[in-house]
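Number of protein chains: 4
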Amino acid sequence: MKLKSPLIIVNFKTYLESTGQRALTLAKNAEKAAQESGVTVIVAPQMMDIGRIAEEVDIPIFAQHIDPIKPGNNTGHVLLEAAKEAGAVGTLINHSERQLKLSEIEAIIALTKENGLVSCVCANNPITAAGAAAMRPDIVSFEPPELIGTGIPVSKAKPEVVVNTVMLVRKINLECMVLCGAGISQAEDVAAAVKLGTQGVLVASGIVKAKDQYSIIRDFAEATKILNV
Amino acid sequence: MKLKSPLIIVNFKTYLESTGQRALTLAKNAEKAAQESGVTVIVAPQMMDIGRIAEEVDIPIFAQHIDPIKPGNNTGHVLLEAAKEAGAVGTLINHSERQLKLSEIEAIIALTKENGLVSCVCANNPITAAGAAAMRPDIVSFEPPELIGTGIPVSKAKPEVVVNTVMLVRKINLECMVLCGAGISQAEDVAAAVKLGTQGVLVASGIVKAKDQYSIIRDFAEATKILNV
Amino acid sequence: MKLKSPLIIVNFKTYLESTGQRALTLAKNAEKAAQESGVTVIVAPQMMDIGRIAEEVDIPIFAQHIDPIKPGNNTGHVLLEAAKEAGAVGTLINHSERQLKLSEIEAIIALTKENGLVSCVCANNPITAAGAAAMRPDIVSFEPPELIGTGIPVSKAKPEVVVNTVMLVRKINLECMVLCGAGISQAEDVAAAVKLGTQGVLVASGIVKAKDQYSIIRDFAEATKILNV
Amino acid sequence: MKLKSPLIIVNFKTYLESTGQRALTLAKNAEKAAQESGVTVIVAPQMMDIGRIAEEVDIPIFAQHIDPIKPGNNTGHVLLEAAKEAGAVGTLINHSERQLKLSEIEAIIALTKENGLVSCVCANNPITAAGAAAMRPDIVSFEPPELIGTGIPVSKAKPEVVVNTVMLVRKINLECMVLCGAGISQAEDVAAAVKLGTQGVLVASGIVKAKDQYSIIRDFAEATKILNV
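Chains as they are written, first to last, in the working numbering: chain A, 1 to 229; chain B, 1 to 229; chain C, 1 to 229; chain D, 1 to 229.
Don't read these hints as lab results, they were simulated from the structure. Watch out, some of these pointers could steer you wrong.
Think about it this way: if two alpha-carbon atoms lie no more than 30 Å apart in a straight line, the pair counts; the simulated DSSO-like pairs of lysine-lysine are [stated by the list, open to error]:
(1) A/K195 - A/K171
(2) A/K171 - A/K156
(3) C/K70 - D/K211
(4) A/K195 - D/K171
(5) A/K32 - A/K70
(6) B/K101 - C/K101
(7) A/K195 - A/K4
(8) C/K225 - C/K4
(9) D/K2 - D/K195
(10) C/K101 - D/K101
(11) D/K171 - A/K113
(12) C/K70 - D/K28
(13) B/K4 - C/K4
(14) D/K70 - C/K209
(15) B/K70 - C/K4
(16) C/K32 - C/K4
(17) A/K211 - A/K156
(18) B/K171 - C/K101
(19) A/K32 - A/K2
(20) B/K70 - A/K101
(21) C/K4 - A/K70
(22) A/K156 - D/K101
(23) C/K225 - B/K171
(24) C/K113 - D/K101
(25) B/K225 - B/K28
(26) A/K101 - C/K70
(27) D/K209 - C/K70
(28) A/K70 - A/K101
(29) A/K211 - A/K4
(30) D/K101 - C/K70
(31) D/K113 - C/K209
(32) D/K32 - D/K209
(33) B/K195 - B/K171
(34) D/K28 - D/K195
(35) D/K32 - D/K4
Bound conformation, chain A alone:
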């Protein structure tokens, strides 16, 4: 699968506001905003919610995590093949809340390539972003953990770090997309992220916990167009 940039990934995490029936509602809001704006909006719901969202919503779905395993003896693990059959077209890898070993990240990227899924490796700083980029995922997403969930947007609080990340990644890998995340809650934070050289944002609570999820996603989507104006 080839994704069109700019893009927005909505990470549902494990909020109650994005679990079960409410995950479906959020995905439908994302679908509507994507269709109206023409911008790529991806949803990353919990495992249990992938199947139903895939049935009822026409929007790319990412898993939040998959394990570096082959089918077999792996009780309690997340199998790529199961995520794919349920409807996932890609996966987050190494989110700061689900960090992985270096060799696991590489193994998962390899599995996604074998199976035609999109890989998005998260990184906590510019240097780990460079390390991730060197392993050739489709997307690298930079998220400083100390800003996650704070409402202080990385693109405004640490613009030079975002620029540095883009630069370090680009030195090593000209093909992967670069996103940033953490603290993004306003359309202007999204626009700032794009102006700093990213191809979009990875967002969670800013959308999940919003009163009007649809409007926020719509605003974020429009904001990604800033360079085309």
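Starting from the known structure of chain A, fit chains B, C and D onto it as the hints suggest.
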């Protein structure tokens, strides 16, 4: 939820034979065998398959794992509330393929009690089974990892260890059920397990990879009745 | 090795005040306080400091952690045999800052028994303490993580939880010692711990960061005698 | 500290043949071979043995692992400051037997830079070696885990993979040294490694378990000179 013993838990693991559409088929076979035998048969499919099985099959569903977390910032984790909304009524905990820290096991047991789910803690030997039993789960399942997937049944290869496990668990906890697993592929292995003092078995490849899953589950279910004959 | 109760274990953690040369000084202070009070005082320094302390100080030494491994291919792990040759006579297991899987705890206890070392399993609440006790270590030490390093002593802030821990452990295991720890910085906290039914305390910053380490250890040691007065 | 290439790192792992008194003997053999050959030979003993080797042997010592921590509340962890005070001048990071998360590797490299230690990150394949190199350690060591301890040398069994690793690392990082390891037990394996573009080897059982450790190290050291002949 209160489960009636004896019981059989079918662990789907991450086999392709028990993923997606084929998970649904296996669950339907388990349902049919349960209804005809009158024996409790529980299925433990992968996360992504819980929702659809819950919709189409009337049989208790366990998660293979849940994480010791509350709703919130936990990308890539398994939230009890999401498993429950999807249809799970219980969960495996600490399977030898998904081992957990002591404090995590206790925290997950506590979450299951708060939320009315059944807890089944797996243990790799009689002493860890005693350790598990001391934390008061609903079920302790003893599985020696070296026999998993071998076809050499724990109930025949190590009967004295099964008896020892039952005894050590009973000294500490008179209420929890005790299961055993690993290598069980014949009805006589199930009967042997029950005669040794267990309340049933935890099985995986013996059923998942069987050509006629229904007949095997049915045979296993009948075999659990050996003490009532 | 058989330890005489009551006892005090001084956990050096990885404070600079208890690293290298300063670890040796602290161990000498502990030795002096032990000799003068006649109370068992154990030191648990960092790995690198065990050998030199063992050479120069006549006091029981515990490792802070060992790994559940046999000699061989285990780069970067802590081998019991190496800790023993360096001079350790026992080890902490599962400290809240170095938590272990259930099966690992059991495997390490088994290794200590095979090799004649003393095992002290830490537990974060009464239920995990019961789980630990069921696996028959020599010592169970209860430390609520939320009080560690706070100066709020568990023996005064949560006396009923200490009593509950002692009771749950005793139901399952009449032989192991029970210690408590977290927040202990005054002799009266130690006396309170002993009055609640413990055989002593596990302490760290209260001693390591004290200006006069010797006097504090001496006071703590005297305080453990409260029931003999 | 600046190391002169080519170099040989002897990983003591947790073999009994390289524990305690025998670790000291091995380190003395390495020292003698280093002095006579003029080649840099580094020893990586267990934590407990660093101090005594540093006192008695004049040869660079690496830790086998350090943790990404600052001094403080970290029971059972390996503190860089403690390893340094004991005598370590560098550390292995992410050995395949002690694998680390991406962010941990980066954090440990940063700690070594702050404290003037040499960092050697191990990688299990060319792509993870590139990922490691992007984070700018002093040394990247490529070791395919499937060959470790087999006696089948990576430099002869997989020469094209060694070349590929060197190439991928060099594209990203022109300054770090590249070593290879796994299965190396003969001087010709060392020579082959150097001819393939590495600056030396990381070896363990081939030396630790040799009857005449000194002669093997001496032979290996001479073999690294092949390009200077």
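### Task
Mind listing which of the numbered hints don't hold for this structure, in increasing order?
Hints 5, 13, 15, 21, 23, 24 are the ones this structure does not satisfy, whereas the remaining hints hold.
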